[in-house]
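Chemist: Listed below, chain by chain, are the residues.
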Amino acid sequence: MKRLQGLLPFVGVAVLLAVWSLTVWARVVDPVLLPSPIATFRAMWIGMTSGKLGVDFLKTVERTVYSTAIAAVIAIPLGILLGSSEKVYRSVEFLIDFFRSTPASAMFPLFLVLFGVGDRTKISVAAFGAALVILFNVAYGVMNARKTRILAARVMGASRLRVLWDVMLLESLPQTFVGLRNGVSLALVIVVVAEMFIGSTDGLGQRVFEAQQLFDMPDMYAAIFAAGALGYGLNLLFLTIERRFVHWSGK
Amino acid sequence: MKRLQGLLPFVGVAVLLAVWSLTVWARVVDPVLLPSPIATFRAMWIGMTSGKLGVDFLKTVERTVYSTAIAAVIAIPLGILLGSSEKVYRSVEFLIDFFRSTPASAMFPLFLVLFGVGDRTKISVAAFGAALVILFNVAYGVMNARKTRILAARVMGASRLRVLWDVMLLESLPQTFVGLRNGVSLALVIVVVAEMFIGSTDGLGQRVFEAQQLFDMPDMYAAIFAAGALGYGLNLLFLTIERRFVHWSGK
Amino acid sequence: MAGAQPAASIELTDNAREAARRTAPHVTIRGLTKRFSDATIYDNFDFDIPRGKLMSVFGPNGCGKSTLINMIAGLFPVDAGEILFDGQPLSQIKFGYVFQNYREAMFPWLRAFDNIAYPLRVMGVPKAERITRVEKIVAGLNVKIDLNLYPYQMSGGQQQLVSIMRALIVEPEILFLDEPFSALDYEMTLFMREQLQRIFVETSTTTVLVSHDLEEAVYLSDRILLLSRHPARAVEFVHYDAPRPRTPGTMSEADFISTKAHCLEIFQREVRKG
Amino acid sequence: MAGAQPAASIELTDNAREAARRTAPHVTIRGLTKRFSDATIYDNFDFDIPRGKLMSVFGPNGCGKSTLINMIAGLFPVDAGEILFDGQPLSQIKFGYVFQNYREAMFPWLRAFDNIAYPLRVMGVPKAERITRVEKIVAGLNVKIDLNLYPYQMSGGQQQLVSIMRALIVEPEILFLDEPFSALDYEMTLFMREQLQRIFVETSTTTVLVSHDLEEAVYLSDRILLLSRHPARAVEFVHYDAPRPRTPGTMSEADFISTKAHCLEIFQREVRKG
Amino acid sequence: RAVAQDKVSVGVFPISSSLPYFVALERGFFKEQNIAPEMTRLMGGPPNVAAMMTNQIEVSAVLVTLEGLNADVKKPGVAMYIAMHSQTKVWKMEQFVVRNGFKAETIADLKGARLMSAPGPANVNTAKAILAKNGLKEGDYTIDQLDMGQHVNAMTAGTFDGGYTLEPSASMMIKAGVARSLEAGLIAKYILGDEAADAYAAGCAMTSEFIQKRPEVARHFAAAWSKAIDFINKNPDEARKYLAKNTFTPDNVVDMVPMLGYVMVGDMTPKQIADLQKFADFGNSIGVVPEKLDVTKVLQKL
Ligand SMILES: Nc1ncnc2c1ncn2[C@@H]1O[C@H](COP(=O)(O)OP(=O)(O)OP(=O)(O)O)[C@@H](O)[C@H]1O
Ligand SMILES: Nc1ncnc2c1ncn2[C@@H]1O[C@H](COP(=O)(O)OP(=O)(O)OP(=O)(O)O)[C@@H](O)[C@H]1O
Ligand SMILES: [Mg+2]
Ligand SMILES: [Mg+2]
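Protein chains in written order, with the working numbering: chain U, 24 to 274; chain A, 24 to 274; chain R, 767 to 1040; chain Z, 767 to 1040; chain C, 35 to 336.
Next comes chain U alone, as it looks inside the complex (with noise of 0.2 Å):
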């Protein structure tokens, strides 16, 4: 039972390829502009052993842990502060709503402007968008944490940073790992379009565009399997901390 528990993730992988091998295999799409996944695997398989892929895959598993942690670092403090007062949240949802509305593509040219073509550009705007997101679930956390914990702790003599710190950050811990999960994936998307769009010589987003470029849709599916997979593995690393930390949800 518990081995094939470990299994399960692998259901949706085989749902993937089943659905993916039928497509091909029924013509629905022409096999040009969808290879099999036989094909792809092929291509990832070359790519990753001797190939360019695999560098572009560790370029833009950096970039992406970068700006994660940026966002992280940067919005789950401000994310509880904001929580914490409702009415100072409200009053800043605007630019959190805004920008988190705004593609990341379309801040390219300002963030190019200010951080140069280089890596920096890259990294800080997926930081950018990825905090937002974190932000905005660590202060949903807050906002909706229960009262009667609040209240115990401000009734101990804790004081309201305190109240934040032991409380408030707890409290909003389920939420914040949502908030985490949906802001690594939200970053390693901007990683790679940055890398699609902003000039670069590596990382999948490269890859991605220039097998497009050449048609070469084994390589361009191999490589977008690859960030889908470093996607799924990402979030997998948070949710096994989470499943360690965060116990007593729902209790």
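These are calculated hints, taken from the structure and not from any lab test.
Please read all numbers here as calculations on a predicted model, not as lab measurements.
Treat the hints with caution; some may be incorrect.
[Unchecked claim] Restraint ranges, calculated between C-beta atoms of paired labels, are given here: (1) Ser73/U to Lys326/C: 38 to 44 Å; (2) Ala905/R to Asn908/Z: 27 to 33 Å; (3) Arg267/U to Glu848/Z: 44 to 50 Å; (4) Pro324/C to Ser73/U: 15 to 21 Å; (5) Phe1003/R to Phe268/A: 47 to 53 Å; (6) Asp814/Z to Gln1034/R: 54 to 60 Å.
[What the hints assert, rightly or not] Using 30 Å as the maximum straight-line C-alpha spacing, the simulated DSS-like pairs for lysine-lysine come out as follows: (7) Lys274/U to Lys110/A; (8) Lys910/R to Lys1039/Z; (9) Lys902/R to Lys819/R.
Where is the CB? At the ideal position from N, CA and C, for every residue including glycine.
Add chains A, R, Z and C with the ligands to chain U, keeping to what the hints say.
Modeler: Chains A, R, Z and C with the ligands alone, transformed into the frame defined by chain U:
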């Protein structure tokens, strides 16, 4: 006091404008690249009243609303269903995290093939992206629901389906709204990006792209500002609905 | 002739079955085992809950009273053993249940009125009838609460009252009351005891009451189950058969006093042991 | 001489002030008004909480007992009126507080031990001392709970015990106990009453106890505040001055019985009114 | 006599190269041929090719040659060129620019410069090949590809010293006074090795399915296209006006944006076809076109 509270959202706007003006005034960025708020609002005013911007705005609203509606209708029930059994959720988590972490723009070619070159592609890619985020949040909300209430419903003889509907749906509502607000913002972003990169004769994304190509910065920022404001507006809509219906959060 | 015989025998069997059903235990617990992390709460526990009796469970904090009724109601899984209803492994039984944490068992998105009516909605009772039935029970219990409030707008006692009404409204087959009067005021507690007794006399519903008030437990019960510290054993299953309806006067009868003293003695002996 | 006079006068004033402080009320409530949606809970309510006394609040469900202590502790805002501590509008007072919904006031991310130690952590007590103090109170109350459990792994009574220990550990200036024994078993309730009395005798902490058990309320209290249905009035402020320590024997004394009977009579008259 | 017009679905990437489409449309050349084009805006090669492969469009008004050839390798006949657009020293398109203030007179002076390039492997490799022909090895410069929409921005902000860019971005930065052109007609000179050669970097393509299933309509379409090309070649200044509202060409540079050398496939000389072949072979050599391809196989004379 009450009257002042109505003004809170404008604090955010004021901050944005102040920082913006300051940046322009201090010439941190070349004014050709970042026009002043006044120039932008002039462009916006002209665009909205006499130019094409108004039409584009409405087109984008329409597409965003459609895609969010489709996403919500599919993702909320599915999220509750999946969230109600952690095992089932874990088995499809790969798919959800995978596609959440894949840039929508990388999915364009596939959707283009499946849904054609018209509006359907833009709406369906956006709906797909938004649905994943909503699904994720709803499922999380259900999984973190307070167990006692579910037990109470079960002991009163409620069937699995009733528990889903009467308890889990409502328990997960605060989180569902987080998902909806994330979802509507994402749908808007994807619609705009699709308008930019797949190609379109109207919509804010097309406006941004065109202005960018023409190097008409006031026009570009006017369109971006319109998109951001639209995002805020849609978020506000959900916030208002949430406040009406979810009176018990944290209680 | 050959055809009539089986029919008669079936009839007989039916009657016999019915009679057996009436005296057979309502709930049979065999070999029940339940562990939490390192604590063993029940270890091969056997017990029969008699049909149509009001039974109290009395035992020290943390001995496993709530866990027991949660397992009987199918809310917690058992680690081993079986719980049978009329000899059947499980069935769609109508439970009435007042949770010890009544506060968290309310639905905060429903007004008090709708919380009370919820079990009826589950049963598919039409709206008009739901309203009359809620109004009836509220009038019957003489409750003076604004039922338009949401649970989180009510005081602890009010919430518990609503919770009790929600449990009673369905006319359940088995009624579980986990410290149902703990938050009620003096007057209301006495009143609700009488109401519970009245309902029990009228319907003979199998009832399991958890209470830390020994007077209350003895006053209301036909049987008192005394549990030891965990791993819980049934230390004694005390019978108290004073005729119903019992009145405050009952509490000064010798039988009552001696039963209560007996229970207390066993309880204190058991508690001081561990 | 001219210099000494003021000094002496200051000394005198200090003494006088101190004396006044000892007899002056600890908490002064003036013109307190509190409304919830359409219900008025307090309407221009005046009351003084005497210093160094154990005071019980007794009143029907929903009359506003919890709301009152929540307002005194500064957890709920008042609509009008003022609450003064030693004549000062507000100060950084160390409260001990057992919430009526003790379950939700625990921190589920902390083990029972850390929950009890939390107020000490807030005060900046170093870790080693925290551990000794928690161990001392646990030993003093003779509690047999696995303090490594998280709150949601404990029974209702165990949670309430933890909650009580958390309130007592800081040696608070004012202690609020909102139905603190409602989930405790028979033996534990008696035991905790004695412990509360012992602590009170030792420290003379101003204590406000909400209880629906009249016997308990009278047994423990110097003063019993009888509240009416809301809008709450102080119907009577009963004094009960039996010497401490009181013992179970106290409950058969005439003074106790008459006080209890008097309170009950007033309570029932008030309850039946509304 | 009202006859139902023939509908043709056309994918249009609204850059200046798609001018013949707008001329044909606005001057009624399509109407004359009883054709009602249904335009879909599709940004760049990939969406155009995808749409052609799935028969969602029948004509792509402007399809980059190397992308089209690549598609034809993957799925033969998916993009049949009926007209080509030549870029040369006169018909400027690709060029090296430098920001004002950067000391460089020739491409060879770009040693040590931070360069940008039009996006995509074809552009980047072309730029590198040109730099190599001018004696600059990799490492003598840095080059980053950048989305076309960012080129003017980047030069204005001074992010780069210069780079390989396309029209109308080049005209725009020159007009804005932030950059100047070093040299144009680069492909002809350095890649094809002949300053007078035609570099056919893009063209108008049809799917062979369209040509086979509706040959008459395809012919009519080509006729209208041909007439538009004629018009542009004869009246460049009047034709220019159609750039303004239809394509991504700012009003203030409409007058200075260079025209392209538009030619119908049927009018191409053997030399011109050889130039195209040479370009295709170059594409193959840099790995953008995966196989060597006989270009006459993808040219459709209509
Ligand atoms: N999730 C859990 N993990 C570990 N131990 C648990 C868990 N739930 C309950 N327990 C333990 O099981 C025992 C029985 O709990 P239960 O709630 O049944 O007690 P109870 O008899 O109802 O007590 P009370 O009178 O205080 O309500 C307790 O000692 C408790 O610590
Ligand atoms: N948020 C709220 N909105 C509306 N009414 C409220 C709210 N909170 C409390 N009330 C009302 O205030 C009154 C007093 O509540 P409170 O909890 O103080 O009662 P209590 O005296 O502690 O009762 P109990 O003995 O049942 O605990 C109740 O009638 C309740 O309905
Ligand atoms: Mg219990
Ligand atoms: Mg109360």
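Chemist: Work down the list of hints and note, for each, if the structure agrees.
Modeler: Here is what the structure says about each hint:
1. The given range of 38 to 44 Å is broken by serine 73/U and lysine 326/C, whose C-beta atoms sit roughly 25 Å from each other.
2. The hint said 27 to 33 Å for the Cβ distance between alanine 905/R and asparagine 908/Z, and at roughly 47 Å that hint is violated.
3. For arginine 267/U paired with glutamate 848/Z, a C-beta distance near 48 Å keeps the hint of 44 to 50 Å intact.
4. Taking the beta carbon of each, proline 324/C and serine 73/U are about 18 Å apart, inside 15 to 21 Å as hinted.
5. Taken as a hint, the range 47 to 53 Å holds for the pair phenylalanine 1003/R and phenylalanine 268/A, whose Cβ atoms sit roughly 50 Å apart.
6. The hinted range of 54 to 60 Å is not satisfied by aspartate 814/Z and glutamine 1034/R, whose Cβ atoms lie roughly 41 Å apart.
7. Among the hinted pairs, lysine 274/U with lysine 110/A is consistent with the structure: their alpha-carbon atoms are about 19 Å apart, no more than 30 Å.
8. For the hint linking lysine 910/R to lysine 1039/Z, the alpha-carbon distance of about 12 Å falls within 30 Å, and the restraint holds.
9. With a C-alpha separation of about 25 Å, the suggested pairing of lysine 902/R with lysine 819/R holds against the 30 Å cut-off.
Hints 1, 2 and 6 from the earlier list are contradicted by this structure; the remaining hints agree with it.
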